Amino acid sequence: MPEFERFSYDVLVIGAGGAGLRAAIEAAASGVRVGVVCKSLLGKAHTVMAEGGIAAALANVDDRDSWRVHFADTMRGGQYLNNCRMAELHAKEAPECVRELEAWGALFDRTKDGRILQRNFGGHKYPRLAHVGDRTGLEMIRTLQDHGIHTGMEVHMECTVLGLLVDSGRVAGACGYDREKGLFRLWQANAVVLATGGIGRAFKITSNSWEYTGDGLALAYRVGAELQDMEFVQFHPTGMVWPISVRGILVTEGVRGEGGVLRNSEGRRFMFDDIPDLYKEQTADSEEEGWRYTQGDRNARRPPELLTRDHVARCINREVKAGRGTPHGGVFLDIAWIKTHLPKSEEHIKRKLPSMYHQFKQLADLDITKEPMEVGPTTHYMMGGIRVDGDSQMSSVPGLFAAGEVAAGLHGANRLGGNSLSDLVVFGRRAGRFAAEFAKSNKAATVDEQQLQATASAALAPFDRGLSGENPYQIQYDLQDAMQDLVGIVRTESEMLRALESIRQFRARADHVGITGNRQYNNGWHTAMDLDSLLVVSEAVTRAALLRKESRGAQFREDFPSKDAEWGRHNIVVKRSTDGGMQVEKRPLAPIPEELKAVIEEMK
Amino acid sequence: MAGQATFRIWRGDPAGGKFQDYVTPVDEGMVVLDAVHRIQAQQAFDLAVRWNCKAGKCGSCSAEINGMPKLMCMTRLNNLNLDMPVILEPMHTFPVIRDLVTDVSWNFRAKKTIKEFRPRSPDLPDGTWHMQQADVERVQEFRKCIECFLCQDVCHVLREHHKHDEFIGPRLLVHVAALEMHPLDVEDRVSDLRQKHNIGYCNITTCCRKVCPESITITENAIIPLKERVVDQFFDPLKQLFHII
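Heads up: the protein sequence lines correspond to chains A and B, in order. Residues in the first sequence are numbered from 223 upward in steps of one, following my numbering. Residues in the second sequence are numbered from 55 upward in steps of one, following my numbering.
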């Protein structure tokens, strides 16, 4: 029987990106014992990739900003499918969470009078994103990491979690293995916070790293937690398209915020051709007005390049399909053109967008201060996730909490840029606080030894099959191809039905996956262990997208291209049925309180 | 550039290992990590490699490529001579776990020995501070660090002399510099630098600065100013004179 090394905590946090670290810090501050388990080394989580900034209505740059405007922007961006309580808390608490980061050592760019500088971003009415050049995520994770290591939390680096343990319906901990030695570990805990991020690796073209296999979603789903809004996968409009090997790597929205424009192969700024009614009032009607907006003119309206991500991604997709794309199947994103408006534009670009300059120079041999970039949509973010209580972040399973990308609710049908980093700290903090409270007021649950042994045996089975089994890498590639082709930016029923059939076949192959070598740092084994999570989330995305027979936010159905008022009043909830199958249902939205309704009306 | 190339990869564990050759097709625009992934998926399923973002932002895929410490994700094949085998080894300064993966946990333990950030009292009643961009920029250079530990890998004090227990290495000296020069920080780490972190072991060969993928001017901007602070506090002849009097 496989041995487990055993650890015991009050609160176990799974994931050490922004949300996980913030939750762990909060829990540790309340005096409970905290364990953190992460798949990578500490400080390497995907939060480091966040570039543009953290949205908070500090009103440092434009004093007309307030939580009310931020709230209304977030709801509009989410097409009103958001959990309005989360959108309210987020808008109210984000400024405090940003100031907290500064108190822990984060060094944001400054205004002339020495306060935190804020920049424009898509869907935000006023300059709202606190930032550090274009490496805000790195600043944030390092700040949380360097603060966190002195709070007494114990960190288990490079561990994969295989299952959550439950005892009479409530969470009892988690089990998994360390990737370095391949030995099993049991983390017993009174409360568990999931902060495992998204699902980008279910798709072929993605800005996400290998970690983003939807583990948290699958872990929660398997123990009966409800998932929500799984059909809403954000395709970021601007990923690199060339060279092939870096296809999907993110090109920050900050490029457009600083004045970058999108053009097709005919040189036309095609974004001016299609401006949705919801945003007509707020969008510039000339190139000249758009430029003034990016340079801080308070009376100018934003250029159409800064419309919401779902819309920009679809416009790019349309240009490419119509044959007006670039040689490598994207469109042009041009920041170099600002030299016609700004003296010393080269230095300006290098100072404002240092990582972008570096990234293109090194990976594509291209100088963005001189030439346009080629960009196209890339799978970027999961709006959906574990359905949680807006205040406490607890899921439908007692003691199981979720924060950050793995949780659903804040972003509705589409997330605004910059609202992700603020989501991490606002709801990471809440999840940590409420998980600690739960842990204090509940005794430790009992660990089911049989469940533990069954998990370990299943994890080791691929070694017995060896080379006669299926290649785990190949199954992953095939799944990514299928999801990209059949459940991507433009969806239709017949293709999604084919996707479901493919997923069923991949599942059968995954049941016979085989690996070679031993358990020490065996990437083949790790890939095999991630397959189940990828398959669960892929199926959930597909089933939810099939059920929602309308186009809204990130979901675009070719067969149902319009919005449907009835669907505008419902979320889709996915859960495991008693027979083990996946159950998908329509769930009415909670009514919006009158005072929030009034805010939305006022800002329309 | 399409064609094929040979990668001579070190395979082994703490007990020992050897180089093994893999021939794999290569395409235009590929980086070393792409080739390693291709080999892993097609020929060596259990080849151990650590990576994450694949965009030079997380600092996970550090290795020695043809003897040079580099990030595998940022090393393009068209900058290497593919007529010869490309030699891939794990970083030498850290204990090997398997193949290209090393145990870098020492860096995380050593970081904990550095006194944490301690800000002065807020300037304003809402708990915030005023800072000027110029003051912030000086420290932002150090905060670009992605913790790839390539600078630790080439540091002679660690690589040749194995002074891991006495010396924190360039990465963590940069970390101390970021704290010491932070406009808000009021903690004093100068005596620790001398006595606990042994900054004197560094003889400024600048090897660390040369391998930094973020182009942080490690020696000139971080280590030398810290050495100066140590000298000011402990070796100032005037101060010593006053001390004697």
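Keep in mind the hints are simulated off the structure, nothing from the lab. Treat the numbers as computed from the prediction; the structure is a model and nothing was measured. Where a beta carbon is used, it is the ideal one built from N, C-alpha and C, also for glycine. Please note that the accuracy of each hint is not assured.
Over 12 Å on every C-beta distance to chain B, these chain A residues come out as not near it, computed from the model [said to hold, decoys possible]:
#1 385
#2 665
#3 699
#4 715
#5 783
#6 788
#7 816
Okay, derived cross-link-like pairs now, EDC-like style, lysine to aspartate or glutamate, Cα gap no bigger than 20 Å in a straight line [said to hold, decoys possible]:
#8 B:169 with A:376
#9 A:583 with B:143
#10 A:574 with B:195
#11 B:264 with B:214
#12 B:281 with B:195
Here are the in silico distance ranges between beta carbons for each label pair [claimed, not checked]:
#13 B:74 with A:665: 50 to 56 Å
#14 A:730 with B:149: 50 to 56 Å
#15 B:81 with A:665: 57 to 63 Å
Verification of the supplied hints:
1. No beta-carbon of chain B is positioned within 12 Å of the beta-carbon of residue 385 (chain A); the least distance is around 23 Å.
2. With a cut of 12 Å on Cβ distances, residue 665 (chain A) stays outside the contact zone with chain B, its closest approach being about 32 Å.
3. Consistency note on residue 699 (chain A): stated as away from chain B, yet its beta-carbon is not over 12 Å from all of that chain's, at 8 Å minimum.
4. For residue 715 (chain A), the non-interface assignment is confirmed: its Cβ lies about 33 Å from the closest Cβ of chain B, beyond the 12 Å cut-off.
5. With a closest Cβ-Cβ approach of about 35 Å to chain B, residue 783 (chain A) is found to remain outside the 12 Å limit, as its non-interface label requires.
6. Here residue 788 (chain A) stays apart from chain B, with its beta-carbon at least about 41 Å from theirs, past the 12 Å limit.
7. Residue placement check: residue 816 (chain A) keeps its beta carbon more than 12 Å from all beta carbons of chain B (closest about 30 Å).
8. Distance restraint check for residue 169 (chain B) and residue 376 (chain A): the Cα-Cα separation of roughly 18 Å lies within the 20 Å cut-off, and the hinted pair is therefore satisfied.
9. Taking the CA atoms of residue 583 (chain A) and residue 143 (chain B), the gap is near 26 Å; set against the 20 Å cutoff, the hint is violated.
10. A distance of roughly 14 Å separates the Cα atoms of residue 574 (chain A) and residue 195 (chain B); the hinted pair therefore holds under the 20 Å criterion.
11. Among the hinted pairs, residue 264 (chain B) with residue 214 (chain B) is consistent with the structure: their alpha-carbon atoms are about 18 Å apart, no more than 20 Å.
12. Between residue 281 (chain B) and residue 195 (chain B) the CA atoms are separated by roughly 18 Å; this keeps the pair inside 20 Å, and the hint holds.
13. Checked against the hint of 50 to 56 Å, the C-beta distance between residue 74 (chain B) and residue 665 (chain A) comes to roughly 53 Å, which is consistent with it.
14. Roughly 41 Å separates the CB atoms of residue 730 (chain A) and residue 149 (chain B), a value that falls outside the hinted 50 to 56 Å.
15. Range check, residue 81 (chain B) to residue 665 (chain A): about 58 Å between beta-carbon atoms, so the 57 to 63 Å window is met.
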